[in-house]
Amino acid sequence: MTALPVPAPDGVDLGVVAQLRDRVTAMQGGPPRLPLPTHPALAELLQLRAGGAYGVDSARLALALVAGASAAGEWVAVVGWPDLGVEAALDLGLDPARTVLVPDPGDLWLEATAALVDVVRLVVLRPRGVVDPKSASVLEARLRKRSAALVVWGDWPRCEARLSVERVRWTGAERGEGRLRERWVRVAVRRGAAPPRHADLRFPAEQGGAARLERAGGAGRAEGAEGAGRVVGRVG
Amino acid sequence: MAGRVLVVWCPDWSVVAALAEEELSLGAPAAVLSRNVVEVCNGPARDEGVRRGMRRRDAQSRCPELVLLDANPERDARAFETVLGVVEEVRPGVAPLRPGLLALRAPGRYGGGEPHAAALLAETLVGAGVWDVRIGVADDLFTAEQAARRAGVQEHVVVGPGESAVFLRSLPVDALLADPAAEELVSLLRRLGLRTLGDLGALPAADVGRRFGTYGAEVHRRVRGEGEVALAARTPPPELAREVPFEPPLESVEAICFSVRTTAERFVAGLAERQLVATAVRVEASCAGAHGEDVVVSARSWLHPRHFSARDLVDRVHWQLQGQSQGSVRSRRAAGPVLEPVTRVRFVPETAEPAAAHAEALWGGGADELVGRGMARVQAMLGYDAVLVPVAQGGRGPAARQAAVPWGERPVGLRAVDRPWPGRIPGPAPARVFAEPLPGEVHDASGVPVRVDDRGWVTGEPTTVRVPDAGWLPVDAWAGPWPVDEAWWEETGSPVRRAARFQVVGVDGRAWLMACVDGAWWVEAGYD
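First to last, the sequence lines map onto chains Y and A.
Under this note's numbering, think of the first position of the first sequence as 1, with each following residue one higher.
Under this note's numbering, think of the first position of the second sequence as 237, with each following residue one higher.
Chain Y with its partners taken away, still in its complex shape:
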């Protein structure tokens, strides 16, 4: 039922593709996969859609993925993440008044997550151990029914897209001097078997939030020096 995610060739407006995809889904009779508000720094890389499960491998990426929706007024739940840094979450734009934490769901993580999917738009899940495909499909069915999205920090059997950090560089700290100031991250987005798309992100220290760096070489290729780009957007 899900349309196969195809990487857009250079020069094609992704918005048009997304609209066409929506119309195809609507004609197929399934529930519309509404786009969810996504952090502006990530929006060009990945548009969150209701009903999808997204995998990440870094805490800050997980927070950045849901921060856009939280700032736009949606509820966010964080399950199984007892050591969440509240301040970092707020810096990225999460609204504490519409965020709930279930730090330790224990064996009932599936039931608790399913109950939360019923009422909140985005759930961040940090599963303990391996998730079996059956539990995952139960939860995914619930996600589609309730028009919610799941961001999994860890392994998930079928991710719509998987974000991973490929290269990290910190600025500010020397050997014993200075302090951590900024982090430059190269993020790779993998959808199915398609080649990964890359983008450089910067998590600035002073303003909080994340800013996207547009790479000189465009999406799809992985060479080039870090930081050789220009800041296209910054959020605080």
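Note that these hints are calculated values from the structure, not bench results.
Model, not experiment: these values are computed from the prediction.
Worth double-checking, as some hints may not be accurate.
[To be verified] If you want the ones that stay clear, here's a sample from chain Y, every Cβ over 10 Å from chain A, calculated:
#1 ALA97
#2 LEU101
#3 ALA173
#4 GLY176
[What the hints assert, rightly or not] Derived, one-sided and incomplete: chain Y residues facing chain A with beta-carbon distance under 10 Å:
#5 VAL17
#6 SER58
#7 LEU63
#8 LEU84
#9 ARG169
#10 ARG179
Glycine included, every Cβ here is placed at the ideal spot set by N, Cα and C.
Guided by the hints, dock chain A onto chain Y, whose structure is given.
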């Protein structure tokens, strides 16, 4: 004829109320502190030399066994409510002046004259468990209060009609100090050589008004016995608390919750009739005592971010009783586990607010209402404190800068975020903050553990680091040490007190906030 006034004074009421709530002996020296300064202390503490306005450490040095209590005006008022109720049973028209002090119109001939009536009242109050009662009767409120302050324990002083001025004239000016606003005036009077209230009263009214302002003139008028009797007698508050008895007593939490549902609905409806909603409710569960009387075994105040519905109340009863039977008592004020069958559950509104302030929008609460229901479901599944709401607060270490309150409660006692907090780690906030620091290790190039010496220098350059879920990693960059020296006198809490903080970046790009305490390394947070 203008009515006479009877004043009942319970000295050091804050201490009495606090000791009663903590279930401590009234004979112990105790003081109520506000911002580290003694606000009220009781007789035994005064005997040891503790005085109002003293700092905590001074008070403790005078009297090491001093019981220190936190100031809580709501608790004082709540405890005084029972006194008001007892007095109202004897004679209606009670005007509460402040917790510990109340006034009523003196009963003329009832009980055989004022001394008898006062004695009767004192006896009733002592019977109700209020030991230190002093009563004064006079023509006006001010004189009656002063008379009550001259009375001994459980005694009364009656100032006859028209004798107010004579009575007041002999009092020292210090008698005014009962009113905190009078401090400046008393100090000024002393410096001017006016020792007694009679000295002040002898001055011409116009001059007093010019020199001491309106407040001074007011005091002058009272001292001359020209004060007015304007008692604002309170209307006894409507009985909003609801309770449900169980006969026979119930043991299962489920059965209790099922049975309290209609009572909870009546409670909410009773408030709604008066256009009120409760935002704080005290839930009390009682068991049968040894002599058949009710003993409150579990009592807890619950705060609600909006206001309580009947369903919320039933949930609170469930959590309160279940949490206690499992032994995981979260509440500070909870009174032990419910082991015996419950005979009675009682809902007491602690804060009732006008319903208009909490009215829903025209189109209803919508999504938020739905979210509340969903969270209640998760709470029913995992327990009351499994669903949390994150809050940021002020502090130095990353763990101190955040807190989480259970869903459905209001955060209280948070540190202000907007203070400077010198010594905190600047820069990007860590995305992972460990509530309990995890053990780690840092070695230098020759494999020797890195330490921080007494002068705050590192003994070697950190080259490899071991963090719990990453194993040994070469160090790419590091920053620090930043000395930490806080709360080392506390016996519990974080091990990071006298320490040096470091930021350590591994070659894989992950960074950690670590602390070196006496040669041992702890991981406090991760910049993941």
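Next on the checklist: Is the interface hint satisfied for ARG169(Y)? The criterion is a beta-carbon contact with chain A at less than 10 Å.
Outcome noted: holds (7 Å)
Checklist entry - Taking C-beta pairs only, is LEU101(Y) more than 10 Å away from all of chain A? => result LEU101(Y) not clear of chain A: closest Cβ-Cβ about 4 Å, inside 10 Å.
Item to check | chain A contact restraint on LEU63(Y) - CB to CB distance below 10 Å | outcome: holds (6 Å)
Next on the checklist: Checking a non-interface call: every C-beta of chain A should be farther than 10 Å from the C-beta of ALA97(Y). Is that right?
Outcome noted: Incorrect as stated: the minimum Cβ-Cβ distance to chain A is 8 Å, not above 10 Å.
Next on the checklist: Tell me if the interface restraint on LEU84(Y) is satisfied: Cβ within less than 10 Å of some Cβ in chain A.
Outcome noted: Check passed: Cβ of LEU84(Y) comes within 7 Å of chain A, closer than 10 Å.
Checklist entry - Checking the smallest CB distance to chain A, is ALA173(Y) really beyond 10 Å? => result violated (4 Å)
Item to check | No chain A beta carbon within 10 Å of GLY176(Y)'s | outcome: Its Cβ does come within 10 Å of chain A, the nearest being 6 Å, so this is violated.
Checklist entry - Does the nearest C-beta of chain A fall within a distance shorter than 10 Å of the C-beta of SER58(Y)? => result holds (6 Å)
Checklist entry - Does VAL17(Y) meet its interface restraint, that is, does its C-beta lie within less than 10 Å of any C-beta in chain A? => result violated (30 Å)
Item to check | Status of the hint placing ARG179(Y) at chain A (closest C-beta pair under 10 Å) | outcome: Interface hint status for ARG179(Y): holds (5 Å vs cutoff 10 Å).
Checked against the numbered hints given earlier, this structure breaks hints 1, 2, 3, 4, 5; the rest are met.
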